[in-house]
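Chain by chain, the residues run as shown.
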Amino acid sequence: MAQVSLRKIVKEYEGGVQAVKGVDLEIEDHEFVVLVGPSGCGKSTTLRMIAGLEEITAGDIAIGGRVVNDIPPRDRDIAMVFQNYALYPHMSVYENMGFGLTLRKFPKDEIRRRVENAARILDIGNLLDRKPKALSGGQRQRVAMGRAIVRDPKVFLFDEPLSNLDAKLRVQMRTEIKKVHQTVRTTTVYVTHDQVEAMTLADRVVVMNHGVIEQVGPPQDLYHHPTTRFVAGFIGSPAMNFIPARLEQGSGALRLALPDNIALPVPPERTQRYTPYVGRDLLLGIRPEHLTEVKATGKQNIATFEAAPEVVEPMGMETLIHFWIQGAEICAKLDPAVPAEPGRKMTLAVDLNQMHLIDPDSGRVL
Amino acid sequence: MSGATVAQPADSAPIYHKAGSLRRERRRALIGAYIALAVFVVFFLTPPFHMLMTSLKSSAEIADLSGNPWIVSRPTLENYWALLSQGSYLTHFVNSVMVTVCVVAITMVISTFAAFALARMRFWGSTALATGVFLTYLVPETLLFIPLFQTIGGLGMYNNLWAMVLLYPTLTVPFCTWIMIGYFSSIPKELDEAALIDGANHFQMLWKIFIPVALPGILAATIFAFTVSWAQFLYPLAFLVSSDQMVLTVGIISDLIRGDTFQWGMIMAGALMAALPPLLVYAFLMDYYIAGLTAGATKG
Ligand SMILES: Nc1ncnc2c1ncn2[C@@H]1O[C@H](COP(=O)(O)OP(=O)(O)O)[C@@H](O)[C@H]1O
Ligand SMILES: [Mg+2]
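Chains A and B, in that order, give the protein sequences. Sequential numbering from 1 applies to the first sequence in the numbering used here. Sequential numbering from 367 applies to the second sequence in the numbering used here.
Just so you know, these hints were derived from the structure itself, not from any lab. All C-beta atoms, glycine included, are put in the ideal place defined by N, C-alpha and C. Errors might be hidden in some of the hints.
[Stated by the list, open to error] Below, simulated DSSO-like cross-link-like pairs (lysine-lysine); rule was C-alpha separation at most 27 angstroms, straight line:
| id | chain 1 | residue 1 | chain 2 | residue 2 |
| --- | --- | --- | --- | --- |
| 1 | A | Lys333 | A | Lys168 |
| 2 | A | Lys131 | B | Lys555 |
| 3 | A | Lys108 | A | Lys133 |
| 4 | A | Lys299 | B | Lys555 |
| 5 | A | Lys131 | A | Lys168 |
| 6 | A | Lys21 | A | Lys154 |
| 7 | A | Lys105 | B | Lys574 |
| 8 | A | Lys299 | A | Lys345 |
| 9 | A | Lys179 | A | Lys168 |
| 10 | A | Lys178 | A | Lys154 |
| 11 | A | Lys8 | A | Lys21 |
| 12 | A | Lys133 | A | Lys168 |
| 13 | B | Lys574 | A | Lys154 |
| 14 | B | Lys574 | A | Lys133 |
| 15 | A | Lys154 | A | Lys179 |
| 16 | A | Lys108 | B | Lys574 |
| 17 | A | Lys333 | A | Lys299 |
| 18 | A | Lys168 | A | Lys178 |
| 19 | A | Lys333 | A | Lys295 |
| 20 | A | Lys108 | A | Lys168 |
| 21 | A | Lys131 | A | Lys105 |
| 22 | A | Lys8 | B | Lys574 |
| 23 | A | Lys108 | A | Lys154 |
| 24 | A | Lys154 | A | Lys168 |
| 25 | A | Lys105 | A | Lys154 |
| 26 | A | Lys345 | A | Lys295 |
| 27 | B | Lys555 | A | Lys154 |
| 28 | A | Lys8 | A | Lys154 |
| 29 | A | Lys131 | B | Lys574 |
| 30 | B | Lys555 | A | Lys21 |
[As the list claims (entries may be wrong)] With beta-carbon atoms standing in for the labels, derived distance ranges:
| id | chain 1 | residue 1 | chain 2 | residue 2 | range |
| --- | --- | --- | --- | --- | --- |
| 31 | A | Val10 | B | Pro578 | 32 to 40 angstroms |
| 32 | B | Ile577 | A | Asp123 | 52 to 60 angstroms |
| 33 | B | Leu603 | A | Thr57 | 52 to 60 angstroms |
| 34 | B | Ile577 | A | Glu318 | 38 to 46 angstroms |
[Claimed, not checked] Some but not every residue of chain B turned toward chain A, in silico, with C-beta under 10 angstroms:
| id | residue |
| --- | --- |
| 35 | Arg488 |
| 36 | Gly491 |
| 37 | Asp558 |
| 38 | Glu559 |
| 39 | Gln570 |
Given the sequences, and given the hints that come with them, work out the whole structure.
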């Protein structure tokens, strides 16, 4: 077990494509870190550089304090689970899991002990004699994880391990992966494009975009305190609403002027923070779950305004409504008991304690 | 199969009638398939059959124009006996086997490594090289053998059986490399990467993971290399002159055709026996080939 350090990692593929542009990241021992971001943002490239499958153009990678830039994958003491599992098709499940140990000349009974132990953790003890061909997607996934566990490596690397599974199995295996990590406590770097997976699994989430890290932090932190517009929009589902707004000096307090003559008072405790931006055109960021029907909560800083939903989506646990303010689509999350009909005006409450103001030029959250 | 159809009780529910009609339909398709196959079999087996009949006849019976060419009236093994007991048929056979075994071995070693490198490793000019490999295959051997004649003469290997071991790979290596590049590229790269991470060096990865998984493609290439070397005619015809150096393809015609006397019975017997090794190799490799195909499933 070990910590992993990425210091100013750069990857440039031939042809000049910079896939990773200077990534700095310290991963603690036992930590579960998830790299998340849209397709093509350089997550896999970063992971493959940790694994030693891609050469590093610039920077240093250290595993357990040892710089591994020029060390081949087999000597890095890592294990990796691939999206397509990459099970050896000509070997049984047992041989697949034991392959790494056989190569390292472990004694036969030690291999057996470890494989059986991993098979017990993953509940695949009855599959050990089968070939990968005779397994379902979920079972292959387990075997691929088993192959990583038996090695007892310093670091686990996962590259979108759940993307090939159907929705139900994905949720189930997600829990399974979390359970396995709680059992073996191996330092883990996990890559996914799915923010829900990232939020549910990670001790710390690393949001990447265009080859750079946008923000690093615990899931709750990213949710409540995004530092960039990208992170604000990427984390959370349905995604945060962005509404053009002008910050104005009202009588005593600051005020946000929205299109359609909606004016929202800025919470007084934020006055000092926002004063430098008075008179600027900004973006108001508010999550659908903070834009609801009017509730009797007695909370401070709740403002109301009228809107007519154009689309109503009952989800069971909640109802989503969509409306437009001058071309910006806004989504709100209502209690399913609230009557909502397309085209009928209703009063919505916005929880301004949860608002974010974004500078549209720099993309930073103010 | 028919027994199960007949056993339907008369008062069975409609669903059984449906199943029965499905079965009838399937049988009709099966009959169609058999007819098509029968035509195919007749078409392709007629020449070998004619060869077999001729090889079982005495020279007198072959020369007798009044008899039916498809029927043997007094079958005899004298042609086979003559070939195996006298003359140089056995020498040619052994020569063919030696050349073919060497050529297949050399070809497979070179093209497996070449195909792996071209399919898996990106290096400067690798794509151009892969195309170039295929283009070499397109140059007809009838053009090549003129410059090759000089090369072989320069090496002092004219009329030397082992010159064939040098020459045949110029035909087999490019094509085998080409078909294996195609097959190797279809094997997910993650498989090699998983092996490297699991602790294999490049050689172990190739030997323990890649080659077993790529076996169907490798066997297809092996079959091709074998066929080309066993049946190669032009190069031995051009480069070999003395009977003790010849392989079967040219040996048969040079020994059994004297001027305009064709010893048809022996020619046919010799050709039939020469066709046996390919038959055996196909039968043997096909089993593995199909087993390999079904084991090769990687994802899905
Ligand atoms: N072998 C390669 N050669 C050239 N460009 C590549 C290669 N692999 C990935 N890229 C590019 O690098 C960028 C990042 O890719 P990747 O790390 O796979 O993204 P993802 O975050 O989806 O895993 C993409 O723009 C991709 O096109
Ligand atoms: Mg990826």
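For each hint, the structure was consulted:
For the hint pairing Lys333(A) with Lys168(A), the CA-to-CA distance comes to about 24 angstroms; that is within 27 angstroms, so the pair holds. About 20 angstroms separates the Cα atoms of Lys131(A) and Lys555(B), which keeps this hinted pair within 27 angstroms; it holds. The suggested pairing of Lys108(A) with Lys133(A) holds, with an alpha-carbon distance near 25 angstroms, which does not exceed 27 angstroms. Between Lys299(A) and Lys555(B) the CA atoms are separated by roughly 57 angstroms; this puts the pair beyond 27 angstroms, and the hint is violated.
The hinted pair formed by Lys131(A) and Lys168(A) meets the criterion: a straight-line CA distance of about 24 angstroms does not exceed 27 angstroms. Taking the CA atoms of Lys21(A) and Lys154(A), the gap is about 26 angstroms. The hint holds against a cut of 27 angstroms. Between Lys105(A) and Lys574(B), the direct Cα distance comes to roughly 15 angstroms. Compliance with the 27 angstroms bound is thereby established for this hinted pair. In summary, the hint linking Lys299(A) to Lys345(A) is supported, as the alpha carbons are separated by about 24 angstroms, within the 27 angstroms threshold.
In summary, the hint linking Lys179(A) to Lys168(A) is supported, as the alpha carbons are separated by about 17 angstroms, within the 27 angstroms threshold. A C-alpha spacing of about 17 angstroms is found between Lys178(A) and Lys154(A), which places the hinted pair at or below 27 angstroms, so the restraint holds. Note on Lys8(A) and Lys21(A): the hinted pairing holds, with a Cα-Cα distance of about 8 angstroms set against a maximum of 27 angstroms. A C-alpha spacing of about 22 angstroms is found between Lys133(A) and Lys168(A), which places the hinted pair at or below 27 angstroms, so the restraint holds.
Distance hint between Lys574(B) and Lys154(A) is fulfilled; the C-alpha atoms sit about 25 angstroms from each other, no more than 27 angstroms. For the suggested pair Lys574(B) and Lys133(A), the alpha carbons sit about 18 angstroms apart, so the restraint of at most 27 angstroms is met. A threshold of 27 angstroms between alpha carbons decides the hint, and for Lys154(A) with Lys179(A) the separation of about 18 angstroms falls inside it, so the pair holds. Pair hint Lys108(A) plus Lys574(B) holds up; C-alpha atoms about 18 angstroms apart against a cutoff of 27 angstroms.
With a C-alpha separation of about 18 angstroms, the suggested pair Lys333(A) and Lys299(A) falls inside the 27 angstroms cut-off, and the hint holds. Taken as a hint, the Lys168(A) and Lys178(A) pair is honoured in the structure, with Cα atoms around 16 angstroms apart against an allowance of 27 angstroms. A distance of roughly 13 angstroms separates the Cα atoms of Lys333(A) and Lys295(A); the hinted pair therefore holds under the 27 angstroms criterion. The hinted pair formed by Lys108(A) and Lys168(A) fails the criterion: a straight-line CA distance of about 37 angstroms is larger than 27 angstroms.
Under the criterion of a C-alpha separation no larger than 27 angstroms, the hint pairing Lys131(A) with Lys105(A) is consistent with the structure, at around 23 angstroms. The straight-line distance between the Cα atoms of Lys8(A) and Lys574(B) is roughly 37 angstroms, outside the 27 angstroms bound, and the hint therefore fails. Between Lys108(A) and Lys154(A) the alpha-carbon distance is near 22 angstroms, which keeps this suggested pair within the 27 angstroms criterion. For the hint pairing Lys154(A) with Lys168(A), the CA-to-CA distance comes to about 31 angstroms; that exceeds 27 angstroms, so the pair is violated.
Between Lys105(A) and Lys154(A) the alpha-carbon distance is near 18 angstroms, which keeps this suggested pair within the 27 angstroms criterion. For the given pair, Lys345(A) sits about 17 angstroms from Lys295(A) by alpha-carbon distance, which is consistent with the 27 angstroms threshold. For the hint linking Lys555(B) to Lys154(A), the alpha-carbon distance of about 24 angstroms falls within 27 angstroms, and the restraint holds. This hinted pair checks out: Lys8(A) and Lys154(A) have alpha carbons roughly 22 angstroms apart, not beyond 27 angstroms.
Between the alpha carbons of Lys131(A) and Lys574(B) the distance comes to roughly 16 angstroms, so the proposed pair stays at or under 27 angstroms and holds. Taken as a hint, the Lys555(B) and Lys21(A) pair is honoured in the structure, with Cα atoms around 25 angstroms apart against an allowance of 27 angstroms. Remark: the range hint 32 to 40 angstroms for Val10(A) to Pro578(B) is upheld by a beta-carbon distance near 37 angstroms. Restraint check, Ile577(B) to Asp123(A): a C-beta distance of roughly 33 angstroms breaks the suggested window 52 to 60 angstroms.
A C-beta distance of roughly 57 angstroms is found between Leu603(B) and Thr57(A), which places it inside the suggested range of 52 to 60 angstroms. Roughly 56 angstroms separates the CB atoms of Ile577(B) and Glu318(A), a value that falls outside the hinted 38 to 46 angstroms. Of the supplied interface hints, the one on Arg488(B) holds, with its beta-carbon coming within about 8 angstroms of a beta-carbon of chain A, less than 10 angstroms. Annotation: Gly491(B) was flagged as interfacial toward chain A, and the flag is violated, the nearest CB pair being 12 angstroms apart, outside 10 angstroms.
Annotation: interface hint on Asp558(B) holds; nearest CB of chain A at approximately 9 angstroms, less than 10 angstroms. Given hint, Glu559(B) at the interface with chain A, holds; its Cβ is 5 angstroms from that chain's nearest Cβ, closer than 10 angstroms. Of the supplied interface hints, the one on Gln570(B) holds, with its beta-carbon coming within about 7 angstroms of a beta-carbon of chain A, less than 10 angstroms.
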